[in-house]
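The chain contents come next:
Number of protein chains: 2
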Amino acid sequence: MQRMKTGSMLMVLVAVGGFSLLLARQPDELGQRPSRPGPDQIPGYTYGRSEVARSPVTLADLESLKKSLLFTEEDVRYLRMSKPILADQVDDILDVWYGFVGSTPELVYFFGNKQTGKPEPRYLARVRARFGQWILDTADANYDQAWLDYQHEIGLRHHKLKKNVVDQASSVPQINYRYIPALTIPVTTTLKPFLAKKGASAADVEKMHAAWVKSVLLQSILWGHPYIKDGEF
Amino acid sequence: MQRMKTGSMLMVLVAVGGFSLLLARQPDELGQRPSRPGPDQIPGYTYGRSEVARSPVTLADLESLKKSLLFTEEDVRYLRMSKPILADQVDDILDVWYGFVGSTPELVYFFGNKQTGKPEPRYLARVRARFGQWILDTADANYDQAWLDYQHEIGLRHHKLKKNVVDQASSVPQINYRYIPALTIPVTTTLKPFLAKKGASAADVEKMHAAWVKSVLLQSILWGHPYIKDGEF
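These protein sequences, in sequence, are chains A and B.
Heads up, the first sequence is in this note's numbering, so the first residue is 98 and it goes up one at a time.
Heads up, the second sequence is in this note's numbering, so the first residue is 98 and it goes up one at a time.
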């Protein structure tokens, strides 16, 4: 694997269809995929609901963190620009991401049954639906209290505090912290060709991609909070 | 600050000369800067020395982490390519990075005296020398045990376990975890123009930049280890 060139790795990413086809939403006879569920229909999706606990990170902390990431209104603008470009490509994007996870034992492990190790299809499917909504939410984000609180909830769901709970899954108890910021790279690298598919200029594709890198890294830092020793975040 | 466009922020980055000029290595009458100290002459630089403790992260862990970051031999190749391009621009790069830190109160705070808050010039200078060497080490890295062990040492020096120790500084006890992965962005964003200065093709500049993003993020994840609750990394 160490010698695998990026080109080969990307081929693996797109070639591993078998795993994600278990989950891909198949087109009907006219070649149309079923329309995406609205947010209210996504199991376990609680963005903006009162049951979501207050984040231990404050809005002032968030502003400081955004400064350190060079995250500005321009990035927000390019994230918004990406939304109509990505919105009807969500299933194709998820196919690539699930293909990557499915072909990487260290990662698909976190979807596996804690006894048998076999990936849990219901768990995978429920997470996939929320992952698709997350693409839209990332493009739409306005960094307010509701957004901040939901980042903490997402962090808890990677951590043993809440992993498996909302999906009643029988999977391993926790995702290792290390993979959370790391996945910024495959998520944003594989996103770039999709950003380029609707005629945006090369310069705009670069700026949208750069904004996505900042946003995903920002989110991954916030998701890490439950893993960090008290007072050290 | 929230409304500050990227263009303005970059202007701040390059315009804040005052702070970094305290530390910049001034050219002599012929316009030559003093040659860089060799690694043996850099205070507190202990890469490869036997006193550096074994990392709690294994080489096998490192390989898995590299996979999750899509980090391949191609990235190593592009990092190596960057070394001769960056090697004689190190001081200019550090001026930009120190300008950014100096103009961001949340960040320069971590160089400040714990009583007065005033930045400690000796501490800043000693860190700067090691930061310059770090640019070369990142381009040269071969991901072996010595490299892995030194990443853990760097992490400890951000954490209260070892911050201030090697420089006998009287600064605040710890850098908040959150800023460590975040600084991947300013470090690599500001690096890109320097990568482009020696005639490399636009495609090669993109690949060198992408390799630097992966490498800096990988390192920042490893530096986070001391902050992570036991067994959760």
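Treat each hint with caution, since some may be false.
[What the hints assert, rightly or not] Here are the computed lysine to any residue pairs in the SDA-like style, where the Cα-Cα straight-line distance is at most 25 Å:
no.	chain 1	residue 1	chain 2	residue 2
1	B	211	B	257
2	B	326	A	158
3	B	289	A	297
4	B	215	B	253
5	A	260	B	329
Read the hints as simulated data drawn from the structure, not as lab findings.
Given the structure is predicted, the values throughout are model-derived calculations rather than measurements.
Next item on the list: Any hints from earlier that this structure breaks? Give me their numbers in increasing order, please.
Entry: none
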